[in-house]
Amino acid sequence: MKSIIKIAWRNLLRYTRRTLLTASLIAVGVAMVIVFGGVGNSFKSEVIGILTNSNLGDIQIHKKGYVGSIDNLPLDISIPEKGLKKIESLLDNNPEIKAYSPRIRFGAMASNYVQTTGMRFTAVYPEKESKTCPSLVERIKEGNSNPESFVSPGSIVIPLNISTGMNLKLGDNIVLVATNKDGSVNGMTFKISGISENILGPQGKDGYIHIDDAKSLLRIENGEITEIAIKLNNFNKLSSIYAGLKNELKNIQGETTAKPMFEIHTWEELSPFASISKIVTLLIMVVRLVLISIVLISILNVMMMSVYERIGEIGTIASIGTLPSKILALFLTEGLSLGFFSAIAGSIIGIIIILFINLVKLKFKFGMMEISLAPQIPTAEVFFALVIVVIISALASLQPAFKASKMEPVEALRHV
Amino acid sequence: MELVVLDNVKKSYVTGEVLTPALKGISISIESGKFVSFVGPSGSGKTTLLNLIGCLDKPTEGKVLVANTEISQMDRKTSAKFRGDNIGFIFQNFNLIPILTVYENVEYPLIMVQNVPTEKRKQRINDLLEKVGMIDQQNKYPAQLSGGQKQRVAVARALVTEPKLVLADEPTANLDHATAYKVIGLMHEMKKKFDTTFIFATHDQKIVGEAEILYTLEDGLITQKQENKKPGEVSK
Ligand SMILES: Nc1ncnc2c1ncn2[C@@H]1O[C@H](COP(=O)(O)OP(=O)(O)O)[C@@H](O)[C@H]1O
Ligand SMILES: [Mg+2]
Chain D
0 MKSIIKIAWR
10 NLLRYTRRTL
20 LTASLIAVGV
30 AMVIVFGGVG
40 NSFKSEVIGI
50 LTNSNLGDIQ
60 IHKKGYVGSI
70 DNLPLDISIP
80 EKGLKKIESL
90 LDNNPEIKAY
100 SPRIRFGAMA
110 SNYVQTTGMR
120 FTAVYPEKES
130 KTCPSLVERI
140 KEGNSNPESF
150 VSPGSIVIPL
160 NISTGMNLKL
170 GDNIVLVATN
180 KDGSVNGMTF
190 KISGISENIL
200 GPQGKDGYIH
210 IDDAKSLLRI
220 ENGEITEIAI
230 KLNNFNKLSS
240 IYAGLKNELK
250 NIQGETTAKP
260 MFEIHTWEEL
270 SPFASISKIV
280 TLLIMVVRLV
290 LISIVLISIL
300 NVMMMSVYER
310 IGEIGTIASI
320 GTLPSKILAL
330 FLTEGLSLGF
340 FSAIAGSIIG
350 IIIILFINLV
360 KLKFKFGMME
370 ISLAPQIPTA
380 EVFFALVIVV
390 IISALASLQP
400 AFKASKMEPV
410 EALRHV
Chain H
0 MELVVLDNVK
10 KSYVTGEVLT
20 PALKGISISI
30 ESGKFVSFVG
40 PSGSGKTTLL
50 NLIGCLDKPT
60 EGKVLVANTE
70 ISQMDRKTSA
80 KFRGDNIGFI
90 FQNFNLIPIL
100 TVYENVEYPL
110 IMVQNVPTEK
120 RKQRINDLLE
130 KVGMIDQQNK
140 YPAQLSGGQK
150 QRVAVARALV
160 TEPKLVLADE
170 PTANLDHATA
180 YKVIGLMHEM
190 KKKFDTTFIF
200 ATHDQKIVGE
210 AEILYTLEDG
220 LITQKQENKK
230 PGEVSK
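Top to bottom, those sequences are chains D and H.
Take the first sequence: its letters are residues 0 to 415, numbered as in numbering that gives the first Met the number 0.
Take the second sequence: its letters are residues 0 to 235, numbered as in numbering that gives the first Met the number 0.
It should be emphasised that the hints constitute simulated quantities derived from the structure, not laboratory data.
Glycine is no exception: its CB is placed at the ideal position from the N, C-alpha and C atoms.
Check before you lean on any hint, since a few could be wrong.
In the DSS-like style, the derived pairs of lysine-lysine whose C-alpha atoms are separated by at most 27 Å in a straight line are [to be verified]:
id, chain 1, residue 1, chain 2, residue 2
1, H, Lys76, D, Lys405
2, H, Lys119, D, Lys5
3, D, Lys1, H, Lys119
4, H, Lys62, D, Lys405
5, D, Lys130, H, Lys139
6, D, Lys127, D, Lys97
7, D, Lys405, H, Lys121
8, D, Lys405, H, Lys57
9, H, Lys163, D, Lys325
10, D, Lys1, H, Lys139
11, D, Lys325, H, Lys119
12, D, Lys5, H, Lys121
13, H, Lys80, D, Lys402
14, H, Lys9, D, Lys405
15, H, Lys80, D, Lys5
16, D, Lys140, D, Lys130
17, H, Lys139, D, Lys325
18, D, Lys325, H, Lys57
19, D, Lys1, H, Lys76
20, H, Lys139, D, Lys402
21, D, Lys325, H, Lys9
22, D, Lys1, H, Lys80
23, H, Lys76, D, Lys5
Chain H stretches covered by chain D per the calculated footprint, using a threshold of three residues with CB under 8 Å from any CB of chain D [unchecked claim]:
id, region
24, 76-84
25, 125-131
26, 182-192
27, 198-212
One chain only, chain D, in its complex shape (with noise of 0.2 Å):
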């Protein structure tokens, strides 16, 4: 083995410039893997973890039929108090889920007695909604932050656009006039208490204002909410809590109609984030598969003129008595060793690339968001990397390796 593996060294670092090149190719395309999926990976968990820690909860509950129509916020389409009961008891049961808060979502119209704007609200308990997303007092930039008591009754959180653009400032007064759901208008004053980053929104105006603020403004007697958001302790059980607490809540049927009355969403399903990160996703697949296909065709390229040029060498070796099958082992060697050890070069350039956007704390712009990649060392992608190059390595080296163990020595030997 041990020979078979120096004669393999030996025949590769004969071509030199050509064994370098190829495995540079494959180097370049590992190192891709690793970085782009590196990249690709901590992006996706950075812009989720933005989204569902300050704004989307990881799961939502509303009245059937909500999600459909969110984009007007209706009110109509409310949970009812008894619901609400059931819904919490349910959670409240559930040793998976770590906090929930029931919000009112609802549009207003927001003025500084000189200028109007159209305005989207969540009210809230803001020490439920701190539980639910932690991060979202992280997004107050001025004023209250506390995650207790960032909203209380009188007060309002803005975002940074209405704040510069209707030149508000903390402490100052705002006037929100707001449709119920029978038609009738109210209107109530709000003195600004924080001023947040715009969240990620239709437009971002997005503000916050504490619950029983908005019962009085919508007039709301009865303790109808519009939205629950959950919390989950692990994200990554997402999926099959999801699928068991939508079993759950189909049991919660209407007194009257004896279908479900509540829906169940997750994040992905709520913010057009999750299509973006599916694209991630493929990109990183399409990535994968662009390095499969040039290991795949530069190995077998590099076997096939190996075994080609030396077809004399392979006769004389045969004549004297080399059996086939370590014909077939020597060409497999040189091609599963110019595989690996390109990889191992590739991973180790993907890997220092990593380590150096760790370094320079790569921030930019992701729509409303400031991400800051802190890409990990993707194990995973470092061991697929490796693991798919050696196995593919060896399938294109097979059909040049078999070439040349079955060449009769007799032929072989007349090429010289």
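Fit chain H with the ligands to the supplied structure of chain D, relying on the hints for placement.
Chain H with the ligands in isolation, oriented as in the chain D frame:
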């Protein structure tokens, strides 16, 4: 003892529609420990004959027995093993492996064909390199050697497995006369030292005198068998 026996051996090549009879019925037997030569013009069938004896090819008709083994029954693997165990080869173009040093070229059959333990291996290689006069050049690569030197290494490689039979097809065709005589002389010397049977083919009339037994081939048939009582005399 008879090492090689051919009984009415015929061999034809088929290329497309054309049938070329290369050997037209050859019956000879070669005793062990002899220095044998096939002479004849180009195209007379020498290579074809050596390939059959060397277990590299199979006859169209007739029997070829080498060391009491019928070669036409063997599959690829068996014949490869048989060659590795019993036959050494010396080629017209030397056919050393360019990526291996002189030492490693001689070592190759002991590692990749037979499986000789390290100590014994070293001893045999050094002994042979000493005998063929290449011990000083053992770390050189084939590209750094002259033709004569390459063929000396090839002789060492053919003998290192201690074969019963060494076959050499036109071993001197690519060497100048002086070197050719030296290589043939070396082969003769090795034959005596190791008591190995040597069979070589050549169309060079001048070196045939070195052989003990001389077969002349013409057009696929053996036309003459000569025995030379004092081989080596002719050339000197
Ligand atoms: N592989 C082959 N295919 C077809 N004809 C061949 C082949 N090898 C040899 N021959 C023919 O067989 C005859 C004998 O060839 P060969 O044994 O090579 O003779 P020599 O070695 O004496 O020159 C020649 O006519 C040659 O053309
Ligand atoms: Mg010939």
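We went through each hint and held it up to the structure:
1. H:Lys76 to D:Lys405: 10 Å, holds
2. H:Lys119 to D:Lys5: Holds. Lys119 of chain H to Lys5 of chain D sits at ~21 Å (cutoff 27 Å).
3. D:Lys1 to H:Lys119: Holds - the C-alpha atoms of Lys119 of chain H and Lys1 of chain D are around 18 Å apart, at most 27 Å.
4. H:Lys62 to D:Lys405: It holds: about 25 Å lies between the C-alpha atoms, which stays within 27 Å.
5. D:Lys130 to H:Lys139: 76 Å, violated
6. D:Lys127 to D:Lys97: 11 Å, holds
7. D:Lys405 to H:Lys121: Judged against 27 Å, a Cα distance of about 32 Å means the pair is violated.
8. D:Lys405 to H:Lys57: OK: Lys405 of chain D and Lys57 of chain H at ~16 Å, within 27 Å.
9. H:Lys163 to D:Lys325: Holds, at about 23 Å.
10. D:Lys1 to H:Lys139: 21 Å, holds
11. D:Lys325 to H:Lys119: This hinted pair holds, its Cα atoms lying about 22 Å apart.
12. D:Lys5 to H:Lys121: 18 Å, holds
13. H:Lys80 to D:Lys402: Holds - the C-alpha atoms of Lys402 of chain D and Lys80 of chain H are around 19 Å apart, at most 27 Å.
14. H:Lys9 to D:Lys405: Measuring from Cα to Cα gives roughly 25 Å; hence the hint holds.
15. H:Lys80 to D:Lys5: Within the cut-off at roughly 22 Å; holds.
16. D:Lys140 to D:Lys130: Measuring from Cα to Cα gives roughly 19 Å; hence the hint holds.
17. H:Lys139 to D:Lys325: 26 Å, holds
18. D:Lys325 to H:Lys57: 23 Å, holds
19. D:Lys1 to H:Lys76: 22 Å, holds
20. H:Lys139 to D:Lys402: 31 Å, violated
21. D:Lys325 to H:Lys9: The given pair, whose Cα atoms are some 32 Å apart, is violated under the 27 Å limit.
22. D:Lys1 to H:Lys80: Holds, because 21 Å separates the two Cα atoms, which is no more than 27 Å.
23. H:Lys76 to D:Lys5: 24 Å, holds
24. 76-84: holds (count 7)
25. 125-131: Three-residue rule not met by the region 125-131 of chain H, so violated; n is 0.
26. 182-192: violated (count 0)
27. 198-212: violated (count 0)
Checked against the numbered hints given earlier, this structure breaks hints 5, 7, 20, 21, 25, 26, 27; the rest are met.
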